[in-house]
Structure formats: C-alpha cells, structure tokens
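Chemist: As a plain string of letters, each chain reads:
Number of protein chains: 2
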Amino acid sequence: MIIKGKPVADAITQTLQADVEALKAKGIAPKLKIVRVGAREDDLAYERGALNRMKTCGILAEVLELPAEIDQETFVKELKAVNDDETVHGILLFRPLPAQLNMDEIKYVIRAEKDVDCISPLNVAKTFDGDKTGFPPCTAQAVMEILHHYEVPVLGSDVAVVGASLVVGKPLVSLLIQEEATVANCHIRTKDTSHYTRQADIVVSAAGCAGLVKGDWVKEGAVIIDVGINVDKDGNLCGDVKFDECEPKASMITPVPGGVGSVTTSVLAKHVVQAAKQLNGLA
Amino acid sequence: MIIKGKPVADAITQTLQADVEALKAKGIAPKLKIVRVGAREDDLAYERGALNRMKTCGILAEVLELPAEIDQETFVKELKAVNDDETVHGILLFRPLPAQLNMDEIKYVIRAEKDVDCISPLNVAKTFDGDKTGFPPCTAQAVMEILHHYEVPVLGSDVAVVGASLVVGKPLVSLLIQEEATVANCHIRTKDTSHYTRQADIVVSAAGCAGLVKGDWVKEGAVIIDVGINVDKDGNLCGDVKFDECEPKASMITPVPGGVGSVTTSVLAKHVVQAAKQLNGLA
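In the order they appear, the protein sequences are chains A and B. First residue of the first sequence? That's 3 in the numbering used here, and the numbers climb one at a time after it. First residue of the second sequence? That's 3 in the numbering used here, and the numbers climb one at a time after it.
Simulated from the structure, these hints should not be mistaken for laboratory data. Just so you know, not all the hints are guaranteed correct.
To give an idea of the interface, some chain A residues facing chain B are shown, with a C-beta separation under 10 Å as derived from the structure [unchecked claim]:
| hint | residue |
| --- | --- |
| 1 | LEU81 |
| 2 | ALA83 |
| 3 | GLN201 |
When the alpha-carbon atoms are kept at most 27 Å apart in a straight line, the in silico DSSO-like pairs for lysine-lysine are as follows [claimed, not checked]:
| hint | chain 1 | residue 1 | chain 2 | residue 2 |
| --- | --- | --- | --- | --- |
| 4 | B | LYS109 | A | LYS221 |
| 5 | A | LYS8 | A | LYS193 |
| 6 | A | LYS251 | B | LYS82 |
| 7 | B | LYS8 | A | LYS82 |
| 8 | B | LYS251 | B | LYS279 |
| 9 | A | LYS33 | A | LYS134 |
| 10 | A | LYS216 | B | LYS193 |
| 11 | A | LYS6 | A | LYS193 |
| 12 | A | LYS109 | B | LYS33 |
| 13 | A | LYS134 | A | LYS6 |
| 14 | B | LYS216 | A | LYS109 |
| 15 | B | LYS8 | A | LYS109 |
| 16 | A | LYS193 | B | LYS33 |
| 17 | B | LYS244 | B | LYS82 |
| 18 | B | LYS279 | B | LYS244 |
| 19 | A | LYS221 | A | LYS244 |
| 20 | B | LYS82 | A | LYS221 |
| 21 | A | LYS279 | B | LYS82 |
| 22 | B | LYS221 | B | LYS279 |
| 23 | B | LYS26 | B | LYS221 |
| 24 | A | LYS134 | B | LYS109 |
| 25 | A | LYS134 | A | LYS109 |
| 26 | B | LYS216 | A | LYS193 |
| 27 | A | LYS33 | A | LYS193 |
| 28 | B | LYS28 | B | LYS6 |
| 29 | A | LYS279 | A | LYS251 |
| 30 | A | LYS193 | B | LYS251 |
| 31 | B | LYS279 | B | LYS8 |
| 32 | B | LYS221 | A | LYS193 |
| 33 | B | LYS216 | B | LYS193 |
| 34 | A | LYS33 | A | LYS279 |
| 35 | A | LYS109 | B | LYS279 |
Predicted, not measured: the structure shown is a model, and the values here were computed from it. Glycine included, C-beta positions come from ideal geometry on N, C-alpha and C.
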C-alpha cells in the first residue's frame, strides 16, 4: 500500500479551516511571516508551497525578504521587529542562513511562542520533553502525522531512524521515544545499518542518500517512510529508499515525491494556528 | 576488566582542585547551593557524598533545607533568592519534588547559568544540541566520563541504552548520538531488548531493574556500564546487570556499588566550577 502525503495534508487542512474560522469569529486572524535571506531556489520552492497552503487554510502569510549580504546586527533588528509585530503569530526562518549570520545568537532572539519550526532552544527542549505547547521541526512532525493518520502502531514498535540531522533525524528520535517506540538511530558512522532496519517495524530514512535503503534491508510487512529528497542520475526526484525493491515487501510505503514532503506545509499551518491560539490564551 | 568509578572521580577531582585554586587566586570562590525539600533518606545520602566531594575539590557548599509541605509561591521565592545570590555558582535541586510543587513552572525559574543538573529547558536544549556551555544531567554525563576515562571508542560504536528516563536514558541517547555512536534506546515497551544488547559494543543499563541484563544478552568483548541502583532479595545494593554472568564476557564492566554512582558527584563539582568560570566570563 502506497501511502501518500496528500490525504494527510488534506485532513489537517480541513481541521485547520474550521479552527481558523473559529479564531476569525473571535477577531483573531492567524498570520505567518516567512523570513527569507537571499533567494535560494529551494527556499523559493518551499515558500510557494507554504503560501498556497496558508491560503487554503485561511491563514494570512507575508514574506520578509532580506538581502543575502545582510549583517548580523541588522538581521537581529529585523527579526526582533517581527517578534514584536502583534499581527504575526508564526515565524518561519529559512535555514541555513548565510555564513556571516550567527545562528547561535539568532536562536535565542526568535520569540519561542512564534517559532513554528523549532529554532528556539525552548522549542528544542519542549520537543525533547514531549511538551505539546512546543513546535517540533515541521518535517519531523510530518513523519509523526503520517504514522498517526494511517494508524501505524508506534508504542512498542521497533523503529530505525536513518539519519541524525538536527532538523529531522535527532528530533524524530525524541518524538518516537515519547510515544514509547524502541528507536535505533543510524547514520553515516553506523557499521551495519541493515541490522537495525531488518528488525524494524517502521523504517524512517532521512539520510539524503539515493538508493540507501535496499529491498533486503527491510522485513516483510514493514512500514517505510522516506524523508529523503534527492535527484537521481536522470535528473528526477527520488528518495533514500529503493522503491521498486522495497514496495513489494512493505505493508505501507511513502512515495517521493508525494510523501512526507507534501505534509510539511500543513504541519507548518497547524503550528501557526496553535501559536495564534496560545498567544491569545485559547489553548 | 572491572572498571571502577573511583579513578574517574579522582582524575576529575584532581583537575578541579587546580582549577579551583586558579579561580580563588582571581578572587572567585566557587560555591554550590543544594536545595532540598524535606528530608528523604536518598536525598540525604547523596547530599553527604556531594558535600564531601565539594570539600575535597575546594568548592564551598551550603544546603538550603525547605519544609516538605512548602507551597509553590514560597518555594519559587526561595529559589529566586538563590538565583540572585551572587556568591552561588551552582544550584542542585533534589528531584522528585513533593506533589504540591509544580516542576513545569520551576524549571523556567531556576537560572540556567547555575542549573548544574539540567532542570532548565535551556540546559535540556544544550544537551540535545551538544552545546558544551550547558549542563547535562550529572548521571548521564558520568557515563560519558567513564567511557572517556577508559578510552572506550564511542564514534561508530553500536550502543544499547536500556531505560528511557528523562534524567538518564533520554539525555544519554543525545550525548551518545553527538559523539556519533549508533544508539538504540530500549525500555519497558521494547519487544526484544536482547536484539539490541547482543549487537552492542557498549551496553548501558539505566532501567532500575535488578537482573535485567543477562549473560546471553551481551556479546564477547562488550563494554557494560551499569547505572541501575537496586536492592536485591538479601538487602544488598545491586545494579541492572547480572554481574557474575556478564563479567566473564565483558572487556570492561562497571560494578554496583563503586561504578557510575561514584562518579556523579565529581561531575557535579565539575559543573559548579564550569558555572563559576562562565558566570565570570572566564570560559
């Protein structure tokens, strides 16, 4: 069974539309501010998707485009202005930032209550602790949304998370442990990743390595979630998983494109609505 | 080879004695304040050990004993006074607190720069992120100190962490992943913990369950770190590991008592000295 992201995103969107209506009836218009430094093509692509999703949900969205060569002091001043803008409930800051900007300072500047993609240490801690008032990174949360939507049992399941990035692999380990999965985290230093993936009821690959997860790495009936977004030798988008080999063995598998990537902006919208509620004492 | 905690604690203590001398020469006398609510026997036992360790290191230490029935408002006022006391560099607050006290508020009250046992969300985030200016929980850090002292390779090693508590298992997973170990986290919901422990170059058990780790759960040559502190049927202290069965197979194994537990107070002392340096702009 190929499990697509669209039904998950649609379900989230539908719930949000009702939430946004209810907020608007109270005089609150949820708004996302995207802060983009420069104009990298992948930031622009994600931005288009995010703006569309916010529109569908009834959420206002604005982009603050800053020059690629902006200095730290000016950037911090701009970010503080967004923090202080009472009409803004969620802030999405594209990463990575240009090298002259110091993320170690910036992560303490962004207001945690508006930080919908887990840059602030307070949201990192809440993600680690399982505090539902926090905002985990959207992509890591998107994986959980897919598991929940398709009613994949997590508690007690063996899960292999392949990849240890700060924005997907590591926070996903925390989210899965909170739901009492047995979690193995594998990465580029792992001696034998297949020892863990073969045991896994759920394999999540977020390594960014095309063809990494082969058919003989997964057991019959496994659920396979492919977070990788790579370009194959023919120039086509592909994930980390050898789809043709794994699909016949999997009980469920996400495609690339059309899988995790199509859920991320709906999680972003969900976080903006949650932030709007929390900032107004409604959640 | 039985690897005891004492040589690790002694090595840390020796380094700290020199650090403390150097700080005192600059007019800075590092000081720990222990905040204890009530008089639980295990808190008192740890307190005695901590006071002795601080004395050996040349660190000042004081205990603030508060009544077991203290209310939240009074407790927060007392804690803020310790936060504001400029002679205090480290604060150790015994957990768990009595039920009438709200840890979800208190963790945001304790000043992160003095929070030497990882109660503040800022230290939770720094532990997760690998920011060395933070203070991981002392027991989790003690495991890392033992591995480092006995020169156990961590990078690329397979590690099974048994137990998922907020003060040992979970932060230890973060600390190990930062050092690029392959980490599997097992716990009470895990279907087959031995699948992970048998693969592991390093087994860390912090489950609090006597006799959990059996001889056939570990491979030849494994390093076994036993964080469990339990009482056996004869009333003697014991760990989680069946020592008699595992010791012949292990390349290194910690005893209980005399293992991890004897390193914890030296990590506490290390954190107080680090806090004193950081608060004075010396680190």
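Chemist: Any hints from earlier that this structure breaks? Give me their numbers in increasing order, please.
Modeler: Failing hints, ascending: 1, 2, 4, 5, 6, 7, 8, 11, 12, 14, 15, 16, 17, 18, 20, 21, 22, 23, 27, 28, 29.
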